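Residue numbers (numbering that gives the first Met the number 0), protein chains in the order written: chain A, 0 to 383; chain B, 0 to 520; chain C, 0 to 357.
FYI, nobody ran anything at the bench for these hints, they're computed from the structure. These numbers come from a predicted model, not from an experiment. Just to be clear, a hint being listed does not mean it is correct.
Cβ-Cβ distance ranges computed for the label pairs, FRET-style [as the list claims (entries may be wrong)]: (1) GLN14(A) - GLU391(B): 19 to 29 Å; (2) GLN67(B) - PHE203(C): 36 to 46 Å; (3) ALA20(A) - SER257(C): 23 to 33 Å; (4) PRO318(C) - LEU139(A): 16 to 26 Å; (5) GLN73(B) - ALA20(A): 49 to 59 Å; (6) GLN14(A) - GLU257(B): 15 to 25 Å; (7) GLN196(A) - ASN261(C): 36 to 46 Å; (8) PRO99(B) - GLY180(A): 47 to 57 Å.
Note that CB positions come from ideal geometry on N, CA and C, so glycine has one too.
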Amino acid sequence: MSGAPSGGDRQRLRQALGDIALLLVGPVVAVALALLVGAVGIALFSGLLPAGKPLDVGLPARAYYALFTGAISTQTFVYATPLILAGLGVALGFKAGLFNIGGRGQFLMGALGAMTIATWLGTSVPAVVEIPLALGFAMLLGAISGFIPGFLKATSGAHEVVTTIMLNYILADVLYWAVSGPLVPARAPQPITINIQDSSTAALPGLPVIGNLGVVIAVLAVPIVWFLLYRTTLGFEIRTAGANPDAARYGGMKPRRLIVLTMTVAGLLSGLAGACILLGNDYQMTPGYDTTVGFDAITVALLGRSNPVGAFFAALLLGGMRAGSGPMQIQAGVPRELVDALQAIILLFLVMNVLRHWLGSRAARGAEMAGIETVTRTYGRESV
Amino acid sequence: MTGQADASQVPALEMRGITKIYPGVVANDGITIDVRPGEIHALLGENGAGKTTLMNVLYGLARPNEGQILLDGQPVEIADPADAIRRGITMVHQHFMLVPVFSVAENVVLGDETMANPVFVDRREANRRIAELARRFGFDLDPNEKVGNLSVGQQQRVEILKALYREAKILVLDEPTAVLTPQETEQIFVLLRRLAEDGRSIIFISHKLYEVLEIADRITVIRRGRVIGERRPGETSEEDLAELMVGREVELTVDRGESHVAGPMLRVAGVRVLGDRGREIIPSLDLEIRAGEVLGIAGVAGNGQDELVQALIGLRPFAAGTVTLDGHDVTGYSPRQMNEAGVGYVPGDRHRYGMISAFPIYDNLVLTSYYRAPYARGLLRDDAAILRAAQEKVERFDIRTPTVTANAGTLSGGNQQKLVVAREFDRPLKLLVLDQPTRGLDVGSIEFIHHQILAQRDVGAAVLLVSAELDEIMEMSDRIGVMYRGRIVATLDGRTADKSEVGLLMATGASDRARAEGATA
Amino acid sequence: MAGIPTFLDSLPAIGYVFQFIGYVLANLPVIAQTTVAVAVPITLAAMTGVMCERSGVVNIGLEGIMLIAAFVGWAVGAAAVGFVPAATTPIFGITPALLIGLAAAILAGMAVSLLHAWLSISLRVDQIISGTIINIGAAGLTGYLNNLISRQSPTGAGNFAPLQVPASVANVPLVGWLINALFDQGPIGITTLILVVVFQIMLFRSRWGLRTRAAGEHPRAAETVGIDVIWLRYRNVVLSGALAALGGAWLSMEQTNSFQPNMTAGRGFIGLAAMIVGRWTPVGAFGAALLFSSATALSSAIVIGPPSGGLGTFLGSVPSQFWDALPYLITIIVLAGLIGRSIAPAADGQPYERESAT
């Protein structure tokens, strides 16, 4: 037991630094191993490429070169933006013992909300009015999309793993409906929305190097979520409800209400993600407008170990991979879906916790996240 | 005592120099014991002494680092429980190894099924065999009944049926009387003697001194993983055994001092409480506890104690009735309101309600007070204040930990319970609700917690003590309420109550004397 | 009597209900057949879930397992066409290439299940996380390979044909439509119907079923009577992969002759919902699957041949996306409405650690 507070602080700092180092090693090793496995995979299937040679060992190098050079661009930040925001949403859920697989639907509703405002207001109001309105409406629709599964879990125990997936399909249909009718300008030759850059003031202003304003919003969200989780009493309630709902109830907290609240905030963040990418990069929608952010955000949260700062760096990594995947497909001919497969392999190595075998059990500690066990524990139960 | 075990016989079982090391702890350190055919051999030791580990080694659930096991003089390797069962060893675990949603028959045959053909279970033949066994040993069990619907005593008989069905030669019982009434304990003793007379060997694990003196032919005392001594019941006493078991002289009974009882503190009138599935668990219950008084609730597990406790601390709604605390109506208060009204709670299952293993000690210490000064300013946590308070409590309640930032899950069981006590007892309480507060703890921690409880009583708290351990109830209570099927069927004076009478009340809800005097709550 | 229709017409909602019932009855043979067909992959997914969860392992990766099996079955079948004779059986339209594809699909499904078993049973990774990794990986891997293969636009190995129910049987009054619905199915569909019954009996009558349920309810109790819980769970999870694989193969080799990225479209999760609503029993899950698939069957019937009259006008005004979303909507509603009365096996999702682990 350390007596003086200063000694305690130093000790905490040392411990924190040690923890951070341990937290970093696992993901870094997992990513490295995944790239290795990915290289083997690329070479293995190289024969299937048009004019490809079987077992072309040079192909992985060419593909990764295109991937990395493609990632050194503004697009990395642009693609990381929704990943940071939605990843924070999933991480927040994990802390509360919730598994938000509904990122896709929430994202699409956010994009739809932003598009609705942009179409409705067009160029009639200045950007300082229209952008906040678009973002606000996106967050509202995203929040509602998160509220529904949260409410269903709190009241009926229907597990969010099933309901959020079902909602993803439903909300994708809602978007399809809106973009094939109500949001299509009258004279449009085919179902496609306006281009936000040309026909509205909602486009996010561009910024040098980092891309656009959306990046700033996402980066600001990181300390906000961190502060919420670790410095407020509400954050303590969320984390407690995630780690042990029964103890939370005894402690005077209301786990059901926290479930609804957390899912709503997670939806809000994912909705904001959709708005940021639509207003800052995509600008236009067809009925089939879709995203991989839902799954990517899960990878981000897991790789970042549910920590907001960790999620930020994981999102940068994945954003880079998304940004580089296009050049990779064009220059090396390797399909961009490689990135999806790589994600799964990264996670696989992460949870396999290869380090445990190399460095002993201390390194394994970092992989344990409070709250995650609650995700599975509430499955099939009346919950809380 | 059966007294038929002959020292010259080859032991049915011999464990030689068993050492079992878990990371950071030597659970068994060169333990040697043996048991002869027809003998009841008691293994005495306090919680955490290594008894269960030794039996897990015997049962193939744990592999020893050193040592040898001999059956009928032949050295054997026991690979897993299936192997142990094949060799005639069976075990009745302290926490019953029964599937609640299965029938008695399904539970008994599981793992050694009576088959109609290579694929399907012959349920009719299984039922017949079980019914026959039950008849032979005088068990009143329906093979088709769901085990979840049985009383604790009946469930234990199902466990024993499992052993008999497998024709066990060596029967290990781990704390078999922990949850039984004195009468049920007597019945099980009769049964054990009969099984020993049949030539079976019985290992009886317990930490209750008077029990091992009554049932055992031989007593081996284990402390901190070592055999400390071997005694025969005729040559020893409770005091001697206690000292061997704990390693120092211990008070066999708590010196509870004088109670200074004042006016009524808690009054519960006509409350009705429903269970998880909406079933009526407590139809109507009244009780009163005065300031400075300990009311013990005795009862066989599952008679509504859990529901009563949860309702009193606000975790479960009252369907009817009123609760008054120190003159104020607190009916329907939330856990937080109850806490603020001066109610403290020590749960038996601390991992469920008491603490968050994955959180540091300092967070656990503010589980119920994190939202108010000095631990919070508005919506923000004051981490400095939380840490300071944690530091102070860790020292005051002697919680053994290197740092308050360590996760609660890294503490030993006794220190975890002290953590709960430190959180709940750090202020004067009006009502203290204790649900099996010392379950599974070592003697030192038990003494510490008992003294803390008495200290709260002495400053005027009303104490409600629920425990399945009748001994604890008898030692601590000023008055004893016996709970049976959701009612308090009798209230007795704690200093004059007779254990067997309480036991009878627990088992049947009535006793001859209680009926004669018409005593109810 | 004559007044009643007029009265009903004045209340459009009630009138629509009667018109709707009439429409369903008139189209019953088609709707019923589609309902059973669409229920096949959902039922297989649900039975995968039952087999895993009854032994204590949550498997949300079955969506990905189905997707991989759908891809492997189709791709291997397509690759095998050139190497094997093109003989076709008169019923079910089975060809050697199709059989090879199906076998490959089943092997792939079991292999991916083995990965899930290893992660969740041996490494004790959170089972929902493990399942999610499989889902992400399945989408990525099949998308990647499909992208590569589709550049050569191969034709598949064809697909299994439904058993033709003779018109004389199908037209038997009262029961003909039912016989037609159950048996106008391909080999995977018919196998599924048989499996529902066999699995139900096995789960509640056989030694395997007793031990499986014990492992899912109280694994330690099972271990203390000598049952190897780890091995049992492994066996169940790997075996269940074959069921999920059949579901995937149905999509790419029986319903269609093609593979589309993400063609499982949440059927695995609908299957999980069916399992929960069906209280973790094969027959119950089949019933729930029929409930969900009837929504699909109805909406496709309405889209193809809308009813006439006021109802038709009304339904015609409903956006087609509503019909697409209906099965998912029904799943959520039923799940939220019924789950309180459906209890999972007690040890479901909890990794089991043998006491002798150290």
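Going through the hints against the structure:
1. In this structure the supplied range 19 to 29 Å holds for GLN14(A) paired with GLU391(B), their Cβ-Cβ distance being about 21 Å.
2. Checked against the hint of 36 to 46 Å, the pair GLN67(B) and PHE203(C) passes, with Cβ atoms roughly 44 Å apart.
3. A beta carbon spacing of about 50 Å between ALA20(A) and SER257(C) contradicts the range 23 to 33 Å that was offered as a hint.
4. For PRO318(C) and LEU139(A), the hinted distance range of 16 to 26 Å is satisfied, since their beta carbons lie about 23 Å from each other.
5. At roughly 54 Å, the beta-carbon separation of GLN73(B) and ALA20(A) lies within the given 49 to 59 Å, and the hint holds.
6. Checking the proposed 15 to 25 Å range against GLN14(A) and GLU257(B) shows it is violated: the Cβ atoms sit about 48 Å from each other.
7. Checking the proposed 36 to 46 Å range against GLN196(A) and ASN261(C) shows it is violated: the Cβ atoms sit about 30 Å from each other.
8. Hint check: PRO99(B) to GLY180(A), Cβ distance near 55 Å, so the stated range 47 to 57 Å holds.
Violation of the numbered hints given earlier is confined to hints 3, 6, 7; the remaining hints are satisfied by the structure.
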